Amino acid sequence: MKRGSHDCQSRLPDNTALKQQQLPAYRLQLTATIILSGFFITGVFCLGVGVILLLSAKNIKEVEINYTEKCSDCAKLRENTANFDKECTCSIPFYLPEAMKGDVYMFYKLYGFYQNLYQYVLSRSNSQLMGIDIKDVSNCAPFKNSHNGIPIAPCGAIANSIFNDTIVLSYNLNSSMSIKVPMLRSGISWWTDKYVKFWNPSSQNLSSAFAGTAKPPSWPKPVYELDEEDPENNGFINEDFIVWMRTAAFPTFKKLYRRLSRIQHFTEGLPAGSYSFGITYNFPVTKFQGEKSVVLSTLTWSGGSSLFLGLAYTVTGALTWLAFFAMMAIHLRLKGRKTLFHQE
Amino acid sequence: MTVPKEMPEKWARAGAPHSWSRKKPSWGTEEERRARANDREYNEKFQYASNCIKTSKYNILTFLPVNLFEQFQEVANTYFLFLLILQLIPQISSLSWFTTIVPLVLVLTITAVKDATDDYFRHKSDNQVNNRQSQVLINGVLQQEQWMNVCVGDIIKLENNQFVAADLLLLSSSEPHGLCYIETAELDGETNMKVRQAIPVTSELGDISKLAKFDGEVICEPPNNKLDKFSGTLYWKENKFPLSNQNMLLRGCVLRNTEWCFGLVIFAGPDTKLMQNSGRTKFKRTSIDRLMNTLVLWIFGFLVCMGVILAIGNAIWEHEVGTRFQVYLPWDEAVDSAFFSGFLSFWSYIIILNTVVPISLYVSVEVIRLGHSYFINWDKKMFCMKKRTPAEARTTTLNEELGQVEYIFSDKTGTLTQNIMVFNKCSIHGRSYGDVFDVLGHKAELGERPEPVDFSFNPLADKKFLFWDPSLLEAVKMGDHHTHEFFRLLSLCHTVMSEEKNEGELYYKAQSPDEGALVTAARNFGFVFRSRTPKTITVHELGTAITYQLLAILDFNNIRKRMSVIVRNPEGKIRLYCKGADTILLERLHHSTQELLNTTTDHLNEYAGEGLRTLVLAYKDLDEEYYEEWAERRLQASLAQDSREDRLASVYEEVESDMMLLGATAIEDKLQQGVPETIALLTLANIKIWVLTGDKQETAVNIGYSCKMLTDDMTEVFIVTGHTVLEVREELRKAREKMMDSSRTVGNGFTYQEKLSSKLASVLDAVAGEYALVINGHSLAHALEADMELEFLETACACKAVICCRVTPLQKAQVVELVKKYKKAVTLAIGDGANDVSMIKTAHIGVGISGQEGIQAVLASDYSFSQFKFLQRLLLVHGRWSYLRMCKFLCYFFYKNFAFTMVHFWFGFFCGFSAQTVYDQYFITLYNIVYTSLPVLAMGVFDQDVPEQRSMEYPKLYEPGQLNLLFNKREFFICIAQGIYTSVLMFFIPYGVFAEATRDDGTQLADYQSFAVTVATSLVIVVSVQIGLDTGYWTAINHFFIWGSLAVYFAILFAMHSNGLFDMFPNQFRFVGNAQNTLAQPTVWLTIVLTTVVCIMPVVAFRFLRLHLKPDLSDTVRYTQLVRKKQKAQHRCMRRVGRTGSRRSGYAFSHQEGFGELIMSGKNMRVSSLALSSFTTRSSSSWIESLRRKKSDSASSPSGGADKPLKG
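The listed protein sequences derive, respectively, from chains A and B. Be aware that the first sequence starts at 1, since it is given in the numbering used here, and climbs by one per residue. Be aware that the second sequence starts at 345, since it is given in the numbering used here, and climbs by one per residue.
Hints were generated in silico from the structure; no laboratory data involved. If you're wondering where the values come from, they're calculated on a predicted model, not measured in any experiment. Please note: incorrect hints may appear among the correct ones.
[Unchecked claim] In silico lysine-lysine, PhoX-like type, Cα no more than 25 Å apart, as pairs:
no.: 1; chain 1: B; residue 1: Lys1078; chain 2: B; residue 2: Lys1167
no.: 2; chain 1: A; residue 1: Lys19; chain 2: B; residue 2: Lys1144
no.: 3; chain 1: A; residue 1: Lys76; chain 2: A; residue 2: Lys335
no.: 4; chain 1: B; residue 1: Lys468; chain 2: B; residue 2: Lys731
no.: 5; chain 1: B; residue 1: Lys628; chain 2: B; residue 2: Lys730
no.: 6; chain 1: B; residue 1: Lys628; chain 2: B; residue 2: Lys1078
no.: 7; chain 1: A; residue 1: Lys19; chain 2: B; residue 2: Lys724
no.: 8; chain 1: B; residue 1: Lys1014; chain 2: B; residue 2: Lys808
no.: 9; chain 1: A; residue 1: Lys335; chain 2: B; residue 2: Lys725
no.: 10; chain 1: B; residue 1: Lys1164; chain 2: B; residue 2: Lys1014
no.: 11; chain 1: B; residue 1: Lys725; chain 2: A; residue 2: Lys19
no.: 12; chain 1: B; residue 1: Lys1078; chain 2: B; residue 2: Lys1300
no.: 13; chain 1: A; residue 1: Lys19; chain 2: B; residue 2: Lys458
no.: 14; chain 1: B; residue 1: Lys1082; chain 2: B; residue 2: Lys1167
no.: 15; chain 1: B; residue 1: Lys1144; chain 2: B; residue 2: Lys1082
no.: 16; chain 1: B; residue 1: Lys1144; chain 2: B; residue 2: Lys1078
no.: 17; chain 1: B; residue 1: Lys458; chain 2: B; residue 2: Lys398
no.: 18; chain 1: A; residue 1: Lys19; chain 2: B; residue 2: Lys731
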């Protein structure tokens, strides 16, 4: 353990702030003033936001029609898979007492459909959906290949279970005449989904691009025939398909189905009056005790948020204020007694 | 040997309890040891251990397997390995393999690197010791050999000041009669020199040729740990010679004042007494470690419970819903029933929820401790300028335990004291000298001393001697008769040997440092002891050489507590000079000196009050006839066959009466700097200090007073010195009764009934008044027996101070063990010598005093520094902060992981218990090691609640650590509760919002990925705000880490969700576009803000209330100026309290008897220095006999010598 003398000199620890634990620092002191003013400001903020949210949520008009029961015949039919090729339609009239002004959105809403199951969420092939490798079905169990071994496109449980009801909204101009409300089927998915996540395989036409693949077992038509009206909306970039593929977080969810095209009678939105939904009932929900409904709704700046957020904010703000007053009282009382917490 | 006399046989047994002695070599028990000198071939047959010492654990080849094996013995590591294996099973894997393997590899690597560095240093120190050189006699030639190559049966040569390489049988030495001097400080802590002697037949073997022919064989006991006992027989030339400990040189001793000696190696390496005494190396864990392990087990149990709940949920769900949902998601092929699905889901959830036991916990804890260790190493205030040694944290795993110490066990010599004796004050004929006065005549305080007295008039003066009172020198120069007589006494009455290498260069070989100090003082004041022969003493008195005839030395012993010389001065007058303990001497003074006696007594009280060791000096004139007659009687007594000792004593007593008082001396056993202050501060911090010393009771008590452990304010100091079990028990009982009595009178009138020992303990806990306990070695041996240890412990713990003297190294360890066993308190042992090693290793924390000659204590220690006073900084600053930081760290760590993990649990109820995670896999992987690790690490390393000066000012701040307040099971549950609360909000607020929400363009918001991003973001923000609140000391580093972590989170989030990565690995990075889409929504941000507010506000409110309604001391210290001033004043006045009343005199405390005889016989004088002497007439063998007898008497074992002492 003998060291040279120069070495001994070097054993003297450096006199740096870090090594001597003297780093300049702000000592966080949660003084009463800071805490109380913090609570006060937070209370103001929360109450303000809460009120704004509640007011804007009040402006939202929403109509939800559950058609699980209303189309029970169709539902029964669909419970038997053998009837998959039998068409079943169902019309649901309803009355809109007040006009829905502005942009109106049509959603389908499913109850009790678990799009968030672990196996379910995994069961897709992004490289297939990107059009890179149409035959890559490695992650798609249990819907990888059709029974004759051909890879399914789009593969996987998500794609296979796509919501395939057709919903058409008609407006009854008068008792005898009704017109179809014009709806847009584009712009209902995320931009990044449509332009990054989903691509059709490159080929002259779609059917040849999907050659050598099978359609998902519960699909009536192959993927390249999803939209008969708009050939651009076919294949993996079909927007209904894209919307479905973005799996929901909870077993009850609504997904955007159509947007109102504000032309003709509907430039101001949906006028009051009687309407009816014409539904082609394909998607069986009663099998798993689920339900489905169709929703018409307007939106505000914060989207279609419900009352929850506004209420939560208001309650939080109120509680914060309550706490503020309670703490203030305690502080003032103790301050009178002790001089312990005087601030310089 | 140095162990006290009259030590009962029992002690030897008790000194080696089974736990320590049962350390046998694996190949079987060695019955006896045979070693033949100069015959390696013969000795090799027995395969004795070589002299190579190995403390390292690995070598390059074994490192990886052994280290990995060790690491996987850690429960946590095995647990993670198990998880990793689970994750490889595809049916249950709910996370990717990398979420576990990345942290696991990280942990293993960091630990392995640390272990490797530790072991490297162990190798280095082993090598250093093993490669020391020694001279070995091989084939008739002395050869340089490394220590590790020395074998049993070798003859090795030692030179002055060399360490003894192994346990040797002393064969011969440069000194007459095969004597040699050794210092055993490394071994037992005593620094006075000891004599060892070769047996007569071998002492003639002075030169190499004779030694080379020596072929004696030693048969002796097997290796053991008894330092004071050795029995064996030397067979040589068909004769048997008994061997005792008196003939042995033990490894660790240093040869002193002896030019060379030869020894035969009996025990080598691990068999040596030193190594046998070093105890086992135990892996030390802190109490927080143990608590942490318990908590991890609990958490694991909790994890299993959650797994079971979720598995049941899964089975039910699959049965009710899942079966019907099979059109869209058929069951896996392996799954045939809902029950089996539940079983699989149990394992899946175990994997998902494993983050409640965060693997990074262990690494982070290690990193934080490492940081704290560096702070200790770097601390300038713990750097000793004089010795140029910094403090060193030798282990990095115990830091927070430093903040919880309740008992300190301290060695005395070299730890509390410097082992330097200084002639400090004296009282001569009623006048006291030595006080330092400033110009105005006030007593000057330390540090403002004027120039020391100039001794330049005296060419023989010792330059190192300092004295501050010039009046004493004036008195000498004035020719004051009493002063001259005083110093004459000091220069004559002693057993010091002088050595004069060159003219005027005097060296004194004092057998005890006290004597050395006195003789040196006389030397400087002009009474220079120059040389001695068996019959004369030559003194230079103020420049003129005067030779006194030495007629007799009336030697010191423990009962007499004094020594005298009878000299004849050149004028022919015979005078007896005596110095001794005041209690003894004051009774034997001539009654005519009453007035002088009173003033001297006052002075003695004053000196004692300052903690000085006092001696009273007296003389007596003898007339010629009386002396002749007395000398005759003395001769008769010394020739007596039976009870010679008693007879001699009475003869001595007769002449040492009616003496004239000369004065008194006061010697300062120099304490280390700042010892009393440190002890006072530590006592205020509620730390109990026990002194365990090998020194004598008087010395120990004296030091106890001078370092303010014992004070006269104390109600009583109990002294336990019983020799038998019954006596000790009785003494302890009395002590307890006394304490009880006083507490009954002081207390509020409760009546105490001796019923249960548990009750007894509780009563003793509340004892009023301050008590101290002094217990000595043989009483301690009884007190430590199984049936009495509890009694002893209770008594001792009720006392404010405990001093154990005359204890062996193993007893030190036993005392520590005892407190550890019953008190559940953290113990710290501090010492400097090899005799403290076992105690240092036993205590929770071992501290070694570095910068001394020996390094064994430092090598065995966990922390080392060179001054006792640094202990206060180590404990009150570093320890306290470490504990605080570690506790805050742990609280936060468990909190953040519960907040993180429990969200999965709630989500389980909404995803059919399918083991779906809430977050992205990358988030799960990175959360603990990237997003939240650094801010909490920074807090764990840098946080401070109050500035360091405050922790010294308010020692009470240390108490939360001792009481374990900052992190215990209760705190843990609070953290967990907070974590769970956070997780509930973290899940249900976004759930409430998302259930109905859409984006502002109507597209989907309530999708799984957006939900994951929202929850993850609010989690990161909430835990960041929380760490911001927890961080009390925001340095630039904290800012950098906290803001940096947030920035890194968003950077990684956007990178992971970017198009580029998705294009490359579409199946891995599924969250493409999520960050920019989700985080662009005002609803999402409103949700995050709301979550943060709701999670944080209650915490702030809770803290506010605690601060106001139940503030703890550190809060108060932080917030108030007022209280501080008050305590400061208190602190100051406590510092210097004078003491009067009890007097402690100790005559040459480390003195040993026998030296007077040694001098008179002339045996220890070189032939050269004896040139003039007419040799003594007494037969030399008789002297050696009696010396031997005394030695063996003092050694405890009955087998110590061939001739048993006659004394009863």
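Each hint, compared with the structure:
1. For the hint linking Lys1078 (chain B) to Lys1167 (chain B), the alpha-carbon distance of about 22 Å falls within 25 Å, and the restraint holds.
2. Between Lys19 (chain A) and Lys1144 (chain B), the direct Cα distance comes to roughly 37 Å. Violation of the 25 Å bound is thereby established for this hinted pair.
3. With a C-alpha separation of about 73 Å, the suggested pairing of Lys76 (chain A) with Lys335 (chain A) is violated against the 25 Å cut-off.
4. Between Lys468 (chain B) and Lys731 (chain B) the CA atoms are separated by roughly 22 Å; this keeps the pair inside 25 Å, and the hint holds.
5. Taking the CA atoms of Lys628 (chain B) and Lys730 (chain B), the gap is near 32 Å; set against the 25 Å cutoff, the hint is violated.
6. At roughly 38 Å between alpha-carbon atoms, Lys628 (chain B) and Lys1078 (chain B) are farther apart than 25 Å, so this suggested pair is violated.
7. Pair hint Lys19 (chain A) plus Lys724 (chain B) holds up; C-alpha atoms about 9 Å apart against a cutoff of 25 Å.
8. At roughly 15 Å between alpha-carbon atoms, Lys1014 (chain B) and Lys808 (chain B) fall within 25 Å of each other, so this suggested pair holds.
9. A threshold of 25 Å between alpha carbons decides the hint, and for Lys335 (chain A) with Lys725 (chain B) the separation of about 40 Å lies outside it, so the pair is violated.
10. For the hint linking Lys1164 (chain B) to Lys1014 (chain B), the alpha-carbon distance of about 31 Å lies beyond 25 Å, and the restraint is violated.
11. For a cut-off of 25 Å, the pair hint linking Lys725 (chain B) to Lys19 (chain A) stands: about 11 Å separates their Cα positions.
12. Distance restraint check for Lys1078 (chain B) and Lys1300 (chain B): the Cα-Cα separation of roughly 32 Å exceeds the 25 Å cut-off, and the hinted pair is therefore not satisfied.
13. Between the alpha carbons of Lys19 (chain A) and Lys458 (chain B) the distance comes to roughly 21 Å, so the proposed pair stays at or under 25 Å and holds.
14. A threshold of 25 Å between alpha carbons decides the hint, and for Lys1082 (chain B) with Lys1167 (chain B) the separation of about 23 Å falls inside it, so the pair holds.
15. A hinted pair counts as satisfied when its Cα atoms are at most 25 Å apart, and Lys1144 (chain B) with Lys1082 (chain B) qualifies at roughly 15 Å.
16. A threshold of 25 Å between alpha carbons decides the hint, and for Lys1144 (chain B) with Lys1078 (chain B) the separation of about 17 Å falls inside it, so the pair holds.
17. Pair hint Lys458 (chain B) plus Lys398 (chain B) holds up; C-alpha atoms about 19 Å apart against a cutoff of 25 Å.
18. Distance restraint check for Lys19 (chain A) and Lys731 (chain B): the Cα-Cα separation of roughly 21 Å lies within the 25 Å cut-off, and the hinted pair is therefore satisfied.
In this structure, the earlier hints numbered 2, 3, 5, 6, 9, 10, 12 are contradicted, and the remaining ones agree with it.
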